Amino acid sequence: KQEVTQIPAALSVPEGENLVLNCSFTDSAIYNLQWFRQDPGKGLTSLLLIQSSQREQTSGRLNASLDKSSGRSTLYIAASQPGDSATYLCAVMRRETSGSRLTFGEGTQLTVNP
Amino acid sequence: DTEVTQTPKHLVMGMTNKKSLKCEQHMGHRAMYWYKQKAKKPPELMFVYSYEKLSINESVPSRFSPECPNSSLLNLHLHALQPEDSALYLCASRHRGRGSPLHFGNGTRLTVT
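First to last, the sequence lines map onto chains A and B.
Going by this note's numbering, the first sequence opens with residue 1, and the numbers climb by one from there.
Going by this note's numbering, the second sequence opens with residue 1, and the numbers climb by one from there.
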């Protein structure tokens, strides 16, 4: 059974700091890995998707890397802003005969202080 | 704004009520999902529909009954729920293919009294 772990569980940083969120997974036979952002009481917003054959993806101030063999991914946020405050979730997708299944980590709650 | 629309946003129901949650997307996605999320926990998969057919049921109790009437709509029928079923219910959809992200709606906040 796939297990996804995110470290740290919570992070508080001053505005402008660069930061790294970590995600690890136990089964390297993944289809893709996604990073999501969730604001309180809201749905999830997809930030970046890395296919199993890719090493990294970038979008604006965000950069996500994937090392499938070691079961690790990182989300790098440059020049953090108070608006980045949210819970960040890592999820890995595995393709099965019955369909594609996404398994989530517990999330990292990020607070960026002005 | 999300491209996956869920209604209602909030729902309060008694344990003897029957209600339905609705989800709609017009992105041509053929895979649709129901997730349940408790406070400060990650979403838990409930059901997956692929081409309007139920492909995954994560051993969800029968008081939750999914339905996919067409490729744009997904319903979740609720009957005889328990207070512990109170949660945020999220719908999501995606195209097939490893490069296709999952798109989530904003969810329905369900309270069972």
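Hints listed in this document are in silico derivations from the structure and should not be mistaken for laboratory results.
Do not rely on the hints blindly, as some may be mistaken.
[Unchecked claim] Simulated crosslink set (BS3-like; lysine-lysine; CA at most 27 Å straight-line):
(1) A:1 - B:19
(2) A:42 - B:22
(3) B:38 - B:9
(4) A:68 - B:19
(5) B:38 - B:22
(6) B:22 - B:9
(7) B:41 - B:9
(8) B:22 - A:1
(9) B:9 - A:68
(10) A:68 - B:41
(11) B:53 - B:40
(12) B:9 - B:19
(13) B:22 - B:53
(14) B:19 - B:53
(15) B:9 - B:53
(16) B:40 - A:42
(17) B:41 - A:42
(18) B:22 - A:68
(19) A:1 - B:9
(20) A:1 - B:18
(21) B:18 - A:42
Only a predicted model underlies this, so the values are computations on that prediction, with no experimental measurement involved.
Evaluation of the provided hints:
| no. | hint | in the structure |
| --- | --- | --- |
| 1 | A:1 - B:19 | violated (33 Å) |
| 2 | A:42 - B:22 | holds (16 Å) |
| 3 | B:38 - B:9 | holds (16 Å) |
| 4 | A:68 - B:19 | violated (43 Å) |
| 5 | B:38 - B:22 | holds (19 Å) |
| 6 | B:22 - B:9 | holds (10 Å) |
| 7 | B:41 - B:9 | holds (19 Å) |
| 8 | B:22 - A:1 | violated (31 Å) |
| 9 | B:9 - A:68 | violated (38 Å) |
| 10 | A:68 - B:41 | holds (25 Å) |
| 11 | B:53 - B:40 | violated (31 Å) |
| 12 | B:9 - B:19 | holds (13 Å) |
| 13 | B:22 - B:53 | holds (17 Å) |
| 14 | B:19 - B:53 | holds (22 Å) |
| 15 | B:9 - B:53 | holds (26 Å) |
| 16 | B:40 - A:42 | holds (12 Å) |
| 17 | B:41 - A:42 | holds (13 Å) |
| 18 | B:22 - A:68 | violated (37 Å) |
| 19 | A:1 - B:9 | violated (33 Å) |
| 20 | A:1 - B:18 | violated (34 Å) |
| 21 | B:18 - A:42 | holds (25 Å) |
Checked against the numbered hints given earlier, the structure breaks hints 1, 4, 8, 9, 11, 18, 19, 20 and satisfies all the rest.
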